[in-house]
Amino acid sequence: MNVIETSGLGKSYGSTWALRDCTLAIPEGHMVALVGPNGAGKTTLLNLAVGLNAPTAGSITVLGKCAAGSPAALDGIAFVAQDMPLYKTLSAADMLHLTRNLNRRFDRGYAEARLGELGIPLKRKAGTMSGGQQAQLALTLALARRPRLLVLDEPMATLDPLARHDFMATVMAAMVDDGVSVLLSSHVLTELERVADYLVLVSRGRVQVAGEVDDLLAHHRMLTGPTAEANLYTEQLNVVHARQGEAQAHLLIRTNGAADPVPPGWEAQPVGLEELTLAYLREPGAAALPGPARRADTKIVGVAK
Amino acid sequence: MTLDKGSSRESADSLESTSGRSKIEFRLDSASGLPTYLQLVQQVEHALRLGYLRVGDQLPTVRDVVASLAINPNTVLKAYRELESKGLAAGRPGQGTFIEGVLGRVEFPELTQFRRSLLEWMAKADRAGLDEDGIAALFASSLWDFRNRGHAVADTEGAA
Amino acid sequence: MTTLAAPAHQQQATSLPPVPWRRMVWVAWRQHRLLLAGVAVTFGAVALYLFAMGLQIHDAYATVAACRPATSSACRQVGDNFFGTYQPSVSITEGILQLLPALIGAFAGAPILAREFESGTFRFAWTQGFGRTRWVIGKLAPLAIILAGASVLIGLLFSWYYQPLISAGDTNGALFPTVFDLSGVALAGWTLAAFAIGALAGTLIRRVVPAMFATLAVWSGLAILTGTYLRAHYLPPLITTSLNEPHPAWVLSQLWTFSGKPASLDKINQALAPIDARADSFQIFSPGPKTPANVDPFKYLTQHGYTLLTTYQPDSRFWTFQWIEGSWLLGLSLALLAATVWLVRRRNT
Chain A
34 MNVIETSGLG KSYGSTWALR DCTLAIPEGH MVALVGPNGA GKTTLLNLAV GLNAPTAGSI
94 TVLGKCAAGS PAALDGIAFV AQDMPLYKTL SAADMLHLTR NLNRRFDRGY AEARLGELGI
154 PLKRKAGTMS GGQQAQLALT LALARRPRLL VLDEPMATLD PLARHDFMAT VMAAMVDDGV
214 SVLLSSHVLT ELERVADYLV LVSRGRVQVA GEVDDLLAHH RMLTGPTAEA NLYTEQLNVV
274 HARQGEAQAH LLIRTNGAAD PVPPGWEAQP VGLEELTLAY LREPGAAALP GPARRADTKI
334 VGVAK
Chain B
34 MTLDKGSSRE SADSLESTSG RSKIEFRLDS ASGLPTYLQL VQQVEHALRL GYLRVGDQLP
94 TVRDVVASLA INPNTVLKAY RELESKGLAA GRPGQGTFIE GVLGRVEFPE LTQFRRSLLE
154 WMAKADRAGL DEDGIAALFA SSLWDFRNRG HAVADTEGAA
Chain C
918 MTTLAAPAHQ QQATSLPPVP WRRMVWVAWR QHRLLLAGVA VTFGAVALYL FAMGLQIHDA
978 YATVAACRPA TSSACRQVGD NFFGTYQPSV SITEGILQLL PALIGAFAGA PILAREFESG
1038 TFRFAWTQGF GRTRWVIGKL APLAIILAGA SVLIGLLFSW YYQPLISAGD TNGALFPTVF
1098 DLSGVALAGW TLAAFAIGAL AGTLIRRVVP AMFATLAVWS GLAILTGTYL RAHYLPPLIT
1158 TSLNEPHPAW VLSQLWTFSG KPASLDKINQ ALAPIDARAD SFQIFSPGPK TPANVDPFKY
1218 LTQHGYTLLT TYQPDSRFWT FQWIEGSWLL GLSLALLAAT VWLVRRRNT
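Protein chains in written order, with the numbering used here: chain A, 34 to 338; chain B, 34 to 193; chain C, 918 to 1266.
Rather than coming from a laboratory, the hints here were simulated on the basis of the structure. Ideal Cβ positions, reconstructed from N, Cα and C, are used throughout, including at glycine. Wrong hints could be hidden among the right ones.
[Unchecked claim] Pairwise CB distance ranges, derived in the manner of DEER restraints:
{"#": "1", "chain 1": "B", "residue 1": "L67", "chain 2": "A", "residue 2": "V221", "range": "40 to 50 Å"}
{"#": "2", "chain 1": "C", "residue 1": "L1142", "chain 2": "A", "residue 2": "V221", "range": "52 to 62 Å"}
{"#": "3", "chain 1": "A", "residue 1": "R315", "chain 2": "B", "residue 2": "G134", "range": "38 to 48 Å"}
{"#": "4", "chain 1": "C", "residue 1": "L1260", "chain 2": "B", "residue 2": "Q128", "range": "54 to 64 Å"}
{"#": "5", "chain 1": "A", "residue 1": "T191", "chain 2": "C", "residue 2": "L951", "range": "41 to 51 Å"}
{"#": "6", "chain 1": "A", "residue 1": "G72", "chain 2": "C", "residue 2": "W1245", "range": "44 to 54 Å"}
{"#": "7", "chain 1": "C", "residue 1": "A962", "chain 2": "A", "residue 2": "L155", "range": "55 to 65 Å"}
{"#": "8", "chain 1": "A", "residue 1": "G97", "chain 2": "C", "residue 2": "T1050", "range": "22 to 32 Å"}
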């Protein structure tokens, strides 16, 4: 089952397209990192997935073939928006009761136990809690609904490192305990490297990269060699991004299979997720999307000077 | 601490409290440059070598690792699958993952030969003026080279 | 043992029963407890005041009504005393209560939705399993019903409270704008309309304070329009040529005509010149020093071919007008609330 499936999805506000030509098929059971610069379209995509917005173009289905925003979708998806919206004047116990009242499925025992473990008193008003506590409360409410998919919009922006660690530990444990799939957006990639096993990179309203992290890393290499020879290989190699000094050049290439031959005299190194992402962000024309390799995928990007 | 019934009760308590926990704890080294799952594999192998883990011991559950390190459960699963393929561990459905094998041992005669050549090399280094710390440092950096450059080793040592 | 499997307790959404409505009622109550308390206190205080003062006024009026003979100057004096004692406080109460529906609309209707948008909590509420359509209905309907019900009671109470003044000869009558909109069912209509305007403003503007101001502005505009123009034409007004003011009635306008055509003030003054009287306005004539003692300037004009046309709505039409006004206000409120629900359902944040 694909937790999210889109086809040519687009959303425009007036004449500006916040998201365009978005085609994804995200399988379940993954922790999906949705990354990209601010304003790239991440929140737009999330809003479309949870039914807060309707598409201007294309289509989106969630949790198999449910329409985004339909009762079945609302039931199976728990969303924590940016800034953790909570009713500030209500206590944690009231928020639990309220969430229970608005959903068909709510595990009150789990929620109370979890808040107890975290040391969040049930009588404390949500507005008087620290940022980390609010985040944990919002997450607890979401997980207590026993969703199939948990969607988080930049949840860690306001959290200190310890709070971030605790937050992600809770999310990961929920993946193990309940088989929840997770879609998390962030503009900071470093904190996601340890946790993400599926990556969607959005830049300027378009999806540039989508795929399992292991696959992506396995199909990219960093070639290091003499600058003078760099131009010779741009025909055979699918160069995503190039960085050149006077003598030495680094070419980030995308390979088709396990081992494309390395040009003689050149070194091949594996690439890390952050380096990969930055390279694609610097090359708006490049893309690494799943599906049969189209000519556009193997487009040779000119070596930048 | 007095040596009487009180202490034996205390030791019984501490036994009780450790019986439900795993023998080892994983840690992450963000400076190591290795993928996370390989770090976990290495830590298990290291623990085996040093005797923290023995055959039959249970590795930490996926849930516990994930809850303490905040890493993706698929990473832990990948590490445990790698250990399985190396024959070091095996999963028992409904129970967990357990140590099943030991690290491959080098046979005794070869071990003696390696030992002798190592001692000869150390004697040579000592005569050349290298002290213990220098020998240890040289060994560590060569090991790093070996690991990263693979088998492209200069053969000058063999000749000598 | 080496793969993550979805646990068996995940049930299909369709096999679970839908969340019952009473759950949402709890949510709305818990979220807006303070608001409901404020409304209850306000209405309660107004009701208590009207009841207490009403009892006093009714008691005092009993003495006026019992006075015999009714047309003697002594009884007229009793009547004047009655008015002198109670008219001021009644006028002040009338004035203050004009604000009641508008404030309800601004403080209850506007924030109920605007705050959700302003604080971003709609992103939480609209992604819960309950769904946003039922959520918005569950928020608006109970409160609307409570407000309508409470204001019907207050309206009827006000009619009862004001009645003695009309019986004692108040020239305003029950149809007078500031009295009418607080009486009977009209008050409920105006309160409900204010609430509906507030809800729609909150959904359109999405900020609490601007929505409150917008609500006050729109409601006031509508109320003024109705009071000065609309209400006067619910039924065609009656016209009389009698010199006695119709009573009790709501006089809309008075006009002097000559030979069927409206007469200007100048023309009237010309006609009045022989008796040295002056017309300050159509209704107010001042006798001069040379005016004969037993000549009434009004009668003098009518004897010289002028006719006084008084346009008015009689008090007997009170309940007819109440139902008319109540109905269209109810219709408007329902339309505005429906528009609010429609806006919420529309998927564009």
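**Cβ distance range 38 to 48 Å for R315 of chain A and G134 of chain B, holds or violated** = holds (46 Å)
**Message:** Looking only at beta-carbon atoms, does the pair L1260 of chain C, Q128 of chain B fall within the given range of 54 to 64 Å?
**Reply:** With a Cβ separation near 56 Å, L1260 of chain C and Q128 of chain B satisfy 54 to 64 Å, so the hint holds.
**Item:** Verdict for T191 of chain A, L951 of chain C (Cβ pair) under range 41 to 51 Å
**Value:** violated (28 Å)
**Message:** Taking the Cβ atom of A962 of chain C and the Cβ atom of L155 of chain A, is their distance within the range 55 to 65 Å?
**Reply:** violated (35 Å)
**Request:** Look at the Cβ atoms of G97 of chain A and T1050 of chain C and judge whether their distance stays inside 22 to 32 Å.
**Result:** Once the Cβ atoms are compared, 23 Å apart, the range 22 to 32 Å for T1050 of chain C and G97 of chain A holds.
**Asked** Is the hinted range of 44 to 54 Å satisfied by the C-beta distance from G72 of chain A to W1245 of chain C?
**Response** holds (48 Å)
**Asked** CB of L1142 of chain C to CB of V221 of chain A, is that within 52 to 62 Å?
**Response** 56 Å Cβ-Cβ, so the 52 to 62 Å window holds.
**Message:** Looking only at beta-carbon atoms, does the pair L67 of chain B, V221 of chain A fall within the given range of 40 to 50 Å?
**Reply:** Given range 40 to 50 Å: violated, Cβ gap about 22 Å.
Violated hints for the displayed structure, listed by number in ascending order: 1, 5, 7.
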